[in-house]
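Q: Spelled out, the chains give:
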Amino acid sequence: MHSLPANNQHSSLTTALTTCFRREMIVAFRHKGELANPLIFFLMVVVFIPLGISPEKTVLMALAPGMIWVIALLATLLSLDGLFRSDFDDGSLEQMLLSPQPLPWLVLTKILAHWLMTGIPLMLLTPLLGTMLYLPAEGYLPLMISLLIGTGSMSLIGSIGAALTVGLRKGGLILSLVVMPLYVPVLIFGASAVNEAVQGFAYTGQIAILSAMFVSALVLAPFAVAGALRISVNT
Amino acid sequence: MLQLNGFTCVRDGEPLFVPLDTVINAGDVVQIAGPNGAGKTTLLRSLCGLFDSCEGEILWRGKPIVGAKHDFLMQLLYLGHHPGVKKSLTARENLAWFAGVNGETGSLDVESALAKVGLAGYADIPCHQMSAGQHRRVGLARLHFDASPLWVLDEPFTAIDKQGVERLEAKIQEHAAMGGTVILTTHQALSLSHYRTIELVKYTEAFHEVRHA
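Taken in sequence, the protein lines are chains X and D.
Following the working numbering, the numbering of the first sequence begins with 1 at its first residue and continues without gaps.
Following the working numbering, the numbering of the second sequence begins with 1001 at its first residue and continues without gaps.
If we strip away everything but chain X, and leave its shape as in the complex, we get (with noise of 0.2 angstroms):
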């Protein structure tokens, strides 16, 4: 037991790593509220934009790729409390630290099951929504391309905030506080792709730039959440 060689530690992380996933999207499934919560969310701010603004064409057209973007920023937003938050009063977030597998990986599998479970079922609602907004049909691909893209790096992002406030009795208004100005370069990169492709210009440029946010983010994150969850559990 002193020192395992080298490839049973590595299966043992692998082991690690499935069972952590597997747990999650077991959860998620299981409280199946929590996660329609942000796509009705989503749904009904899309819905309410016509009745409340305009129902033009012209004026629905020039809203929509800023639109859908901004609301599924805030859907994000909405579901990041929860991340930490049960590990955290059921002491299953102790037992994720004391684990002698490396915690930023553990907290990756969070992360990405998060991921699947808010962002890409966001950028799979954007076709209906975009019809309800009407989208211009070039702006269909950017837009799930860049949401695509802008929702892992928003899941990323927002999980350093969630671990810092895990362990405030009230952190869901300062998780906005300190997540919503790092989500602003993604935000206005993400909506401008789409901008750009209505007009008929290329989008590459900027879908480069929030895939260069994302990939830092993929790297940073993990370790930055790692420290978090310690400072949080430290009490």
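Everything labelled a hint here was simulated from the structure, so no lab data went into it.
Take the hints with a grain of salt, since some may be wrong.
[Claimed, not checked] Just a sample of chain X residues kept apart from chain D, beta carbon distances all over 10 angstroms, derived:
hint	residue
1	Ile26
2	Phe48
3	Pro55
4	Gly66
5	Met67
6	Leu112
7	Met117
8	Pro127
9	Leu182
10	Phe201
[Claimed, not checked] Examples of chain D residues toward chain X, derived with CB under 7 angstroms:
hint	residue
11	Gly1006
12	His1070
13	His1082
[Stated by the list, open to error] Each pair of labels, with its calculated beta carbon distance range:
hint	chain 1	residue 1	chain 2	residue 2	range
14	X	Gly33	D	His1070	36 to 44 angstroms
15	X	Trp105	D	Ala1068	17 to 25 angstroms
16	X	Arg22	D	His1070	17 to 25 angstroms
17	X	Arg169	D	Asp1052	42 to 50 angstroms
18	D	Arg1011	X	Leu74	33 to 41 angstroms
19	D	Glu1166	X	Lys32	35 to 43 angstroms
20	D	Arg1196	X	Leu173	47 to 55 angstroms
21	D	Gly1133	X	Gly33	36 to 44 angstroms
22	X	Trp105	D	Gly1179	29 to 37 angstroms
Owing to the predicted nature of the structure, the values given are computational and were not obtained by experimental measurement.
Glycine residues also receive a C-beta, built at the ideal position from the N, C-alpha and C atoms.
Following the hints, put chain D in place on chain X, whose structure we already have.
A: Just chain D, lined up with the frame of chain X:
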């Protein structure tokens, strides 16, 4: 195995209890006792590295824990105040997760582990349908398949019935006889053949007495 040199936990700049100097060896069962608020749970958490506002040092096999983190965590089983059992999952799913994150790759005999804590037939029942005691027992079932030599148990007898307490005591005794170490907090008297108690004395009270002596 574990050596505490002048060790105490610090909260708000003030030590919680009078510093401890003790050596805990393989085969020891150590009960941490003391009044509420003396820092029993905090001591256990800092032994595991969950709480790091401390004074003094803890040595694990002669080395500071920070340097031997992986080795230490491989050999540690911590059962906290909240057992880490997720309510929406079944007992089987919870135990599979515990085994997975703790690096066990072999197959897992969930049924026999559950049978040993008196939960035979409960493997596929979601934990939110269980009583508080049964919920705790799911966490305790880990003791029956985890091979870690060092057990740190925070109030393991909470919500457990008389028969369950007997079984748990037997398990602790068996673990110590096999060279394991158990550190636990509890307010009830243990009916074990050999164990020792470390009484935590609140730092503020000790200080008080000295001043008035």
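Q: Each hint: holds or not?
A: Results for each hint:
| no. | hint | verdict |
| --- | --- | --- |
| 1 | Ile26 | violated (6 angstroms) |
| 2 | Phe48 | holds (32 angstroms) |
| 3 | Pro55 | holds (42 angstroms) |
| 4 | Gly66 | holds (37 angstroms) |
| 5 | Met67 | holds (35 angstroms) |
| 6 | Leu112 | holds (16 angstroms) |
| 7 | Met117 | holds (14 angstroms) |
| 8 | Pro127 | holds (32 angstroms) |
| 9 | Leu182 | holds (27 angstroms) |
| 10 | Phe201 | holds (48 angstroms) |
| 11 | Gly1006 | violated (21 angstroms) |
| 12 | His1070 | holds (6 angstroms) |
| 13 | His1082 | holds (3 angstroms) |
| 14 | X:Gly33 <-> D:His1070: 36 to 44 angstroms | holds (39 angstroms) |
| 15 | X:Trp105 <-> D:Ala1068: 17 to 25 angstroms | holds (20 angstroms) |
| 16 | X:Arg22 <-> D:His1070: 17 to 25 angstroms | holds (24 angstroms) |
| 17 | X:Arg169 <-> D:Asp1052: 42 to 50 angstroms | violated (22 angstroms) |
| 18 | D:Arg1011 <-> X:Leu74: 33 to 41 angstroms | holds (39 angstroms) |
| 19 | D:Glu1166 <-> X:Lys32: 35 to 43 angstroms | holds (42 angstroms) |
| 20 | D:Arg1196 <-> X:Leu173: 47 to 55 angstroms | holds (48 angstroms) |
| 21 | D:Gly1133 <-> X:Gly33: 36 to 44 angstroms | violated (29 angstroms) |
| 22 | X:Trp105 <-> D:Gly1179: 29 to 37 angstroms | holds (32 angstroms) |
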